[in-house]
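Those sequence lines, one after another, are chains A and B.
The first sequence runs 29 to 143 under this note's numbering.
The second sequence runs 20 to 133 under this note's numbering.
Hints are computed from structural coordinates only; laboratory data are not their basis.
Do not take every clue at face value.
Unchecked claim - Below, in silico cross-link-like pairs of lysine to any residue (SDA-like), each with a Cα-Cα straight-line distance of 20 Å or less: (1) B:K80 x A:E131; (2) A:K69 x B:K80; (3) A:K68 x B:R41; (4) A:K68 x B:K80; (5) A:K68 x B:Q25; (6) A:K68 x B:T122; (7) A:K80 x B:K120; (8) A:K80 x A:L55.
This one's a predicted model, so the numbers in the text were calculated from it and none came from an experiment.
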Amino acid sequence: ETGVTQTPRHLVMGMTNKKSLKCEQHLGHNAMYWYKQSAKKPLELMFVYNFKEQTENNSVPSRFSPECPNSSHLFLHLHTLQPEDSALYLCASSQGAPRNTGELFFGEGSRLTVL
Amino acid sequence: AQSVTQPDIHITVSEGASLELRCNYSYGATPYLFWYVQSPGQGLQLLLKYFSGDTLVQGIKGFEAEFKRSQSSFNLRKPSVHWSDAAEYFCAVGRDSNAGKSTFGDGTTLTVKP
Numbered sequence: 029e030t031g032v033t034q035t036p037r038h039l040v041m042g043m044t045n046k047k048s049l050k051c052e053q054h055l056g057h058n059a060m061y062w063y064k065q066s067a068k069k070p071l072e073l074m075f076v077y078n079f080k081e082q083t084e085n086n087s088v089p090s091r092f093s094p095e096c097p098n099s100s101h102l103f104l105h106l107h108t109l110q111p112e113d114s115a116l117y118l119c120a121s122s123q124g125a126p127r128n129t130g131e132l133f134f135g136e137g138s139r140l141t142v143l
Numbered sequence: 020a021q022s023v024t025q026p027d028i029h030i031t032v033s034e035g036a037s038l039e040l041r042c043n044y045s046y047g048a049t050p051y052l053f054w055y056v057q058s059p060g061q062g063l064q065l066l067l068k069y070f071s072g073d074t075l076v077q078g079i080k081g082f083e084a085e086f087k088r089s090q091s092s093f094n095l096r097k098p099s100v101h102w103s104d105a106a107e108y109f110c111a112v113g114r115d116s117n118a119g120k121s122t123f124g125d126g127t128t129l130t131v132k133p
């Protein structure tokens, strides 16, 4: 496997369910990100992790809970979501300081539908 | 705060025609600028980036972009469009080399007519 892999690709859940999105990068990067892409809205940065430490939480509701156990893996735990949370969730990675090239490598996304 | 404007929501061009996608940014210092492409059902892929130096940058798939500080623009161009270029294109500006803090434009959807 190469690049950034996200699972599952599609997820349908009820508002009372608990589910998780997984992201794995095989690029040796030190920084990982969660972005939300909704229809007709710009890409929204949710969380940033550098060397497993969360360095940015962009005012994301607590029903979204990220976890970064190591520099290669990133999770997004979901619970009691709302229908407006339906979106494409994109994971990305980058080299991070001090060798940050500025380039983001994205996974193919997890399409989430909340009923 | 930084911001990015892509004035064109949707552009249609004929295959073989030239293409220019517009991007205007707002940022107080020297920006880090990026163009990404997203095909349907896929993640975003970097086409090219500008940090400093030559204001005309070459990217993958035959794309290029020109940084014009006086106009706060970073327009994407391609001399001859192929049907496979149909996708959504995003311009992004970063506060520094930390790409994760980039701000993205709303995107421009490109349709290619046969």
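Going down the list of hints, with the structure as the test:
1. Pair hint K80 (chain B) plus E131 (chain A) holds up; C-alpha atoms about 17 Å apart against a cutoff of 20 Å.
2. Restraint check for K69 (chain A) and K80 (chain B): not satisfied, since their Cα atoms lie roughly 27 Å apart, outside the 20 Å limit.
3. Between K68 (chain A) and R41 (chain B) the alpha-carbon distance is near 18 Å, which keeps this suggested pair within the 20 Å criterion.
4. Restraint check: the Cα-Cα separation between K68 (chain A) and K80 (chain B) comes to about 26 Å, which exceeds 20 Å; the hinted pair is violated.
5. As the CA atoms of K68 (chain A) and Q25 (chain B) are separated by approximately 13 Å, the hinted pair is consistent with the 20 Å bound.
6. Of the supplied pair hints, the one linking K68 (chain A) and T122 (chain B) holds, its CA atoms being roughly 16 Å apart against a limit of 20 Å.
7. This hinted pair checks out: K80 (chain A) and K120 (chain B) have alpha carbons roughly 17 Å apart, not beyond 20 Å.
8. Restraint check: the Cα-Cα separation between K80 (chain A) and L55 (chain A) comes to about 15 Å, which is no more than 20 Å; the hinted pair holds.
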